[in-house]
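Protein chains: 2
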Amino acid sequence: MRRVLYLARSRTYQKMTARPARPVFDKEQLDSLLSRRFFVAPGFEIYAGVAGLYDYGPPACALQANIVDQWRKHFVLEEDMLEIDTTIITPAEVLKTSGHVERFADWMCKDPASGEIFRADHLIEQVLEARLKGDKEARGESVHESPDDTKKRKAKVKPLKLDNAVKSEYEQILAKIDGYSGKEMGELIVQYSIRNPVTDKPLEAPQEFNLMFDTSIGPTGAIKGYLRPETAQGQFLNFSRLLEFNNNRMPFASAQIGKSFRNEISPRSGLLRVREFLMAEIEHYVDPETKSHARFNEVKDVKLCFLPKDTQEAGKTDITELTIGQAVEMGIVDNTTLGYFLVRIHQFLVKIGITASKLRFRQHMKNEMAHYACDCWDAELQTSYGWIECVGCADRSAYDLTVHSKKTNRKLVVRENLEQPRVYHEWEGQINKKVLGPKFKKDAKAVEERLLAMTQEEMERASQTGSVSFDINGQTFTLNSEFVTFIKVTRKESVREYTPNVIEPSFGIGRILYSLIEHSYWSRPEDSQRGVLSFPPIIAPIKCLLVPLSGSPEFIPIVKHWAATLRNIGISNKVDDSSANIGRRYARNDELGTPFGITIDFQTVKDKTVTLRERDSTTQIRASEIDICQVLQDLTGGKVTWEQVVQKYGEFQGQSLD
Amino acid sequence: MRRVLYLARSRTYQKMTARPARPVFDKEQLDSLLSRRFFVAPGFEIYAGVAGLYDYGPPACALQANIVDQWRKHFVLEEDMLEIDTTIITPAEVLKTSGHVERFADWMCKDPASGEIFRADHLIEQVLEARLKGDKEARGESVHESPDDTKKRKAKVKPLKLDNAVKSEYEQILAKIDGYSGKEMGELIVQYSIRNPVTDKPLEAPQEFNLMFDTSIGPTGAIKGYLRPETAQGQFLNFSRLLEFNNNRMPFASAQIGKSFRNEISPRSGLLRVREFLMAEIEHYVDPETKSHARFNEVKDVKLCFLPKDTQEAGKTDITELTIGQAVEMGIVDNTTLGYFLVRIHQFLVKIGITASKLRFRQHMKNEMAHYACDCWDAELQTSYGWIECVGCADRSAYDLTVHSKKTNRKLVVRENLEQPRVYHEWEGQINKKVLGPKFKKDAKAVEERLLAMTQEEMERASQTGSVSFDINGQTFTLNSEFVTFIKVTRKESVREYTPNVIEPSFGIGRILYSLIEHSYWSRPEDSQRGVLSFPPIIAPIKCLLVPLSGSPEFIPIVKHWAATLRNIGISNKVDDSSANIGRRYARNDELGTPFGITIDFQTVKDKTVTLRERDSTTQIRASEIDICQVLQDLTGGKVTWEQVVQKYGEFQGQSLD
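Protein sequence lines, in the order shown, are assigned to chains D and E.
For the first sequence, UniProt numbering assigns the number 1 to the initial residue and increments by one for each residue that follows.
For the second sequence, UniProt numbering assigns the number 1 to the initial residue and increments by one for each residue that follows.
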């Protein structure tokens with residue numbers, strides 16, 4: 001359809017150019033950039049803010065929209081998923097059934113002196129780790145920072161040697177920290193004298209705190225509701241409608257992108273632990289007997305980095321690199337659907353610019369799984385906060401559909417027409433109501449109910465002995481063949497009815513966005529103050545900067561023309577016609593991650609050519625409008641690399657811009 | 001860049017073909033379609049639902065995403081607006097300042113017998129209108145349905161003649177219904193014996209009910225919060241950051257797309273009055289001295305339909321059709337910025353498929369304006385529920401920025417460097433503290449404060465009389481030149497500091513979506529059961545249907561190839577390879593609003609050509625893959641009409657598909 005300009009086309013994004021080696025990551029400088037350029041601001045900043053609530057300014061908002069757009073293309077469109085949009089406000093009854101009202105909670109400890117509140121597991125972890133560090137220091141061993149310090153606030157470390165036995169106890173507790181009950185944590189706090197790490201004041205026993213925000217619906221306040229903690233429940237409740245929409249074909253997936261809410265006890269990890277966040281969730285419904293994925297073969301040779309639960313339970317963090325085909329074959333990954341999605345998650349993250357070497361798949365240990373999951377792999381991204389869970393890929397089995405179905409008495413099942421009807425035999429009881437009623441009178445109903453509840457084994461036994469006995473409310477009833485007879489009948493089923501299992505890839509868009517920013521950030525070796533965000537063109541907030549060389553009036557209509565032209569071909573652009581010199585203007589837009597820049601200069605006025613600059617290499621080409629437009633479409637569409645462009649057009653060195 | 005296939009290109013969407021005259025709109029049939037094809041379902045349907053909460057299934061979810069995408073292109077990208085994403089959860093303090101805690105409320109009446117709750121204004125309206133209808137019937141006049149019955153539940157009408165005076169009182173009350181206080185409504189209810197319209201039981205006096213959902217933030221419950229009732233506040237609070245991001249240039253606009261929440265008292269109008277809804281809001285900041293828009297000239301000749309407040313206050317609903325240039329000149333529309341946005345709103349709505357003749361701009365009357373607005377125009381769309389407010393375009397003046405600034409002591413202003421410094425003279429008081437203190441002792445501070453608060457007029461008078469007198473707490477103080485002297489000084493200002501005014505176009509996406517569905521719905525004259533949704537291609541949920549003529553295996557790879565090819569060029573598509581006949585499959589997809597369909601038949605196997613069918617006309621063309629792809633891109637991009645396509649390729653009549 002479109003003329004092909006280049007010999008090679010790369011389907012996925014490739015780093016545009018070999019970047020200079022990056023200096024050490026400077027978190028403070030990045031934070032300053034993110035605030036200064038209004039990527040992000042504390043929510044309600046002029047009202048002194050509220051912990052765990054953040055606003056996205058224009059660059060992060062566009063970045064988020066582009067990530068979501070890619071997500072939709074990569075998952076929903078590519079796999080024909082059924083995207084829906086269900087409400088945030090959820091009546092309590094739904095979340096009671098799903099188990100969230102009872103179990104979606106953390107344990108917290110209050111310092112009665114200061115009123116400060118700690119999340120119990122984080123507190124124990126923090127204090128014991130500080131003591132272990134102090135021990136190491138006292139023993140003269142080298143102390144290095146654990147990368148996994150996401151959840152902890154640093155407490156002061158006192159060099160103090162521990163008993164070897166105590167040291168080993170601490171280590172065991174830390175390995176199992178995600179698996180303790182509230183009561184157990186309370187005992188640990190007493191046993192190991194765990195106190196407020198800053199003031200050393202004693203704390204109250206752990207109390208459970210449900211993480212859902214509650215509200216009430218309607219004017220009478222009679223309907224209690226919550227803000228959803230995940231988008232999944234809205235999908236499960238619509239299962240029957242979704243299946244019908246899919247012409248009753250299995251397997252299939254629904255998807256939803258939307259805000260979810262968790263009332264974190266004391267959020268402290270910046271953008272990584274927030275109370276309101278955008279999720280993108282897929283619920284893929286499979287036949288529990290196979291859990292196989294038709295497209296697994298397409299991805300089976302993709303290599304991933306695994307951290308299986310066995311490794312962790314042995315107290316290790318060594319990565320196993322395997323193809324997904326091997327991992328499924330070895331039983332590390334349970335089935336091909338789970339395997340397929342792990343690869344698709346990997347491909348998505350790398351496509352939007354995540355550094356592949358900073359991505360691993362960690363399996364949940366038995367004791368840390370959410371109440372609804374029977375297996376779970378997290379895509380974790382390495383950041384300055386440690387390895388962060390950014391995507392969860394859980395096998396929720398038939399849990400949710402089963403509990404909602406039971407509660408509402410509505411079938412949430414698949415009916416499959418069997419090619420070969422299934423023939424089987426089973427016992428059936430035939431009750432003689434005419435004699436049962438008069439004999440048992442007021443107990444007749446209870447007796448009948450008990451008979452109807454008999455298992456196959458009970459009926460078989462009764463048919464052999466000729467009678468059946470049972471107790472109801474302490475009274476024994478014995479019934480012979482006068483009241484009930486048992487016969488073996490042959491049944492034929494031409495429809496198989498089953499509750500599908502659910503594989504759920506669940507994306508925390510905000511965490512991915514923040515990790516991506518960290519992975520994309522570097523500063524020019526010649527000037528550490530000049531930060532660059534090397535977002536891939538497909539997700540960069542703005543694709544192209546337009547800079548007139550100076551304030552000369554002849555540039556004004558040309559800039560206007562270019563802005564409209566680029567907009568028409570779908571290239572988002574921004575004009576920077578401020579009076580700063582051109583190098584300064586480019587530097588400012590490197591901070592926003594704008595991958596390309598067009599300079600309009602005096603030669604443009606003469607021959608309509610412009611220069612196009614690439615952000616990471618700062619190299620330029622010069623070409624006509626028609627060529628530059630095509631190049632930009634191909635670059636932002638991921639169809640060509642900057643090297644290929646430079647090879648074709650030659651590097652332009654007429655101006656010095658940096 | 002792309003080869004131009006056609007002579008004429010239409011920039012905006014045009015109806016693709018002359019449709020047959022539509023039969024009478026059948027609401028019940030449409031509702032059935034919307035449920036059956038899972039456009040929409042009551043939220044938590046299997047739990048018996050919650051009033052005012054709805055889920056969007058795949059077609060409505062895609063429709064919504066496409067409307068939002070067009071909105072972003074039409075407003076944010078076209079006008080370089082700064083889109084941001086702020087949190088839904090909002091601390092109470094912010095909404096106290098904005099006036100929502102005190103004033104964002106409706107009045108409700110409870111029926112103590114049934115527990116049923118009525119919105120007071122809707123109740124009065126409903127009962128009085130029913131009585132007026134009864135009067136008309138009794139007088140033998142023809143009774144026709146008011147189109148404005150959005151908010152009312154039908155009550156039974158008893159034919160009963162009213163006194164002429166009473167009738168006129170009722171009519172006056174109805175005209176002013178949006179302007180009564182709770183107390184006044186309570187008096188009306190007593191005076192006119194307004195009762196539960198179904199049971200005729202008496203009601204309790206109106207009570208105020210705040211429409212915001214509340215919650216609490218953090219584990220202590222100390223921070224009270226609300227779910228935002230509008231996205232605007234998050235934009236205002238970030239004003240200073242936004243202005244800086246815009247290089248301190250004025251005017252500019254911020255924008256936000258996101259969910260808002262209103263705890264409606266008793267929502268009963270389907271998708272038009274819901275408790276959770278998607279909004280898209282623009283806050284355009286202007287200099288209060290001009291409120292002019294630089295691009296107004298581009299739109300000044302566009303004609304719009306106006307219903308100004310003067311017309312309504314005279315009890316009329318006649319439409320005034322004027323160009324926006326005339327409307328501004330005549331003072332009907334206050335300023336060119338407001339005028340510019342009315343046109344842009346009109347253009348957006350028509351572009352996505354709203355019927356222009358069912359769109360009017362109604363100005364708010366003084367008594368119905370929101371507490372923050374000084375002028376407001378609603379874009380109203382005509383639906384089976386009457387004329388519905390779908391977009392508000394309010395002049396919020398400096399209200400919000402002023403109140404937040406006062407509350408937080410943070411300046412939310414623009415500083416403009418004046419080319420010509422402003423020179424002016426003013427009176428200044430010089431206080432002799434050395435004598436003031438000893439003389440007035442404990443009152444000295446109060447006296448000094450009073451002096452500092454003197455106006456220019458007071459100072460001028462004092463300078464003439466030589467002394468100044470005032471009362472503080474009942475005591476009179478007189479000060480002569482020994483204590484204070486007044487002189488006239490010359491000041492020079494090179495910076496003008498002002499609080500910008502805000503023009504706010506605010507879109508209810510769900511209401512637009514529903515109205516659009518009504519405007520797009522019709523059924524084939526030959527079969528009233530065959531519904532069609534004629535969405536314009538740019539916003540249709542799925543652009544192209546792929547149908548193999550039969551289940552013949554040779555079609556399978558071709559269908560797969562086409563699905564991938566269309567996906568690659570960004571044309572969302574859906575395969576229908578069910579066993580239904582091809583006409584039935586097209587009919588099913590007409591219900592989803594899919595504008596185009598490709599049929600793969602035996603000729604395709606031979607020569608790779610396919611047929612392309614257009615939904616509204618059901619006509620077809622036949623062409624090669626490369627041509628069909630280009631045609632689809634041009635059609636879905638709004639670059640060409642179906643008539644032009646048929647003209648170029650000729651109508652294909654080889655198969656009978658319908």
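One or more of the hints may lead you astray.
No copy is singled out in the list; a pair is fine if it fits within one copy or between any two copies.
[Said to hold, decoys possible] Below 25 Å or equal to it, Euclidean Cα-Cα: the simulated BS3-like pairs (lysine-lysine) are:
id	residue 1	residue 2
1	Lys-73	Lys-358
2	Lys-351	Lys-488
3	Lys-259	Lys-224
4	Lys-73	Lys-259
Hints listed in this document are in silico derivations from the structure and should not be mistaken for laboratory results.
Hint-by-hint comparison with the structure:
1. In this assembly of identical chains, Lys-73 and Lys-358 lie within 25 Å of each other by CA distance solely inside one copy; the values are 24 Å within and 35 Å between copies.
2. Taking CA atoms no more than 25 Å apart as the test, Lys-351 paired with Lys-488 passes in neither setting, with 60 Å inside one copy and 69 Å between copies.
3. With identical chains, the CA atoms of Lys-259 and Lys-224 are at most 25 Å apart both within one copy (20 Å) and between copies (20 Å).
4. For the homomeric pair Lys-73 and Lys-259, the shortest alpha-carbon distances inside one copy (19 Å) and between copies (23 Å) are both at most 25 Å.
In this structure, the one hint that does not hold is number 2.
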